[in-house]
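Given the sequences, and given the hints that come with them, work out the whole structure.
Numbering (this note's numbering), first residue to last: 19 to 258.
Any given hint could turn out to be false.
[Stated by the list, open to error] What follows is a set of in silico ranges between Cβ atoms, one per label pair, in the way DEER data are often shown: (1) A76 - D247: 32 to 38 Å; (2) Q22 - A68: 34 to 40 Å; (3) D154 - R50: 23 to 29 Å.
To be clear, the hints were calculated from the coordinates, so they are not data collected in a lab.
Quick caveat: nothing in here was measured; it's all calculated off a predicted structure.
We put the beta carbon where it would ideally sit given N, CA and C, even for glycine.
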Amino acid sequence: MSLQNTARPRWLTFDCYGTLIQWDEGLQAAVREILQSKRGHDVDPAKLLAVYDRHEHALEQTPPYRTFREVAGTALRIALAEFGLPGDESDERDERDIRTLTGRISAMPPFPEVVDTLRQLKQDGYSLCIVSNTDDDIIAGNVAQLGGFIDRVITAQQAGAYKPNRRLFDYAHEQLGVTRDEVVHICASPHLDHAAARDIGFRCVWIDRATGRTLLPDYTPDATLSTLDQVPALFASLGW
19 MSLQNTARPR
29 WLTFDCYGTL
39 IQWDEGLQAA
49 VREILQSKRG
59 HDVDPAKLLA
69 VYDRHEHALE
79 QTPPYRTFRE
89 VAGTALRIAL
99 AEFGLPGDES
109 DERDERDIRT
119 LTGRISAMPP
129 FPEVVDTLRQ
139 LKQDGYSLCI
149 VSNTDDDIIA
159 GNVAQLGGFI
169 DRVITAQQAG
179 AYKPNRRLFD
189 YAHEQLGVTR
199 DEVVHICASP
209 HLDHAAARDI
219 GFRCVWIDRA
229 TGRTLLPDYT
239 PDATLSTLDQ
249 VPALFASLGW
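Below, the structure written as structure tokens:
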């Protein structure tokens, strides 16, 4: 697939975590901090993180809709229990773990090239929107670090659905007042965002940051770049 001979988009939509914000690094730090608060174990943070991630994604797709804070807390408790670690003996300590996790997420910084790239895209005349699997209050801390260049933030909390469920993107397009042909989506997650692009048919640029994520077997993005700062040059080469 290619972006050649397609119309210039009105809006650019972005996945937030992993695309604009340093998700993997921040989540690893959160898990290490949580494990350090628990004594007498030899749990590998990477293994705990993998189990947490599996449960988080499963819970997001299990009705009824729950906020990301609820999903993350439940996934964390289940993951800790699988390694024989206490979900903490009291509700207060349990909440401490969840606050550590969500607080770390909210404080995650952008990748080094992101703010300057967003500035360039705004100067080039694009409107910029984040579409993210999170809660409004959690993502607010991340958006505050993006230089004021984001025009809209649309979350799973607003739509009542998580990617890859197309309802989140349908809601986003409705809120922006655009058709799928007036948007280019820029993302780092094949599992979540590419599945929606495949099912809905909107144009999609993959930022492959060499984290080991692999493409879906039945979908190829319209363009693949290694960092966000390659996007303006790509669009300029298309005459946009």
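Which of the listed hints are not met by the structure?
none
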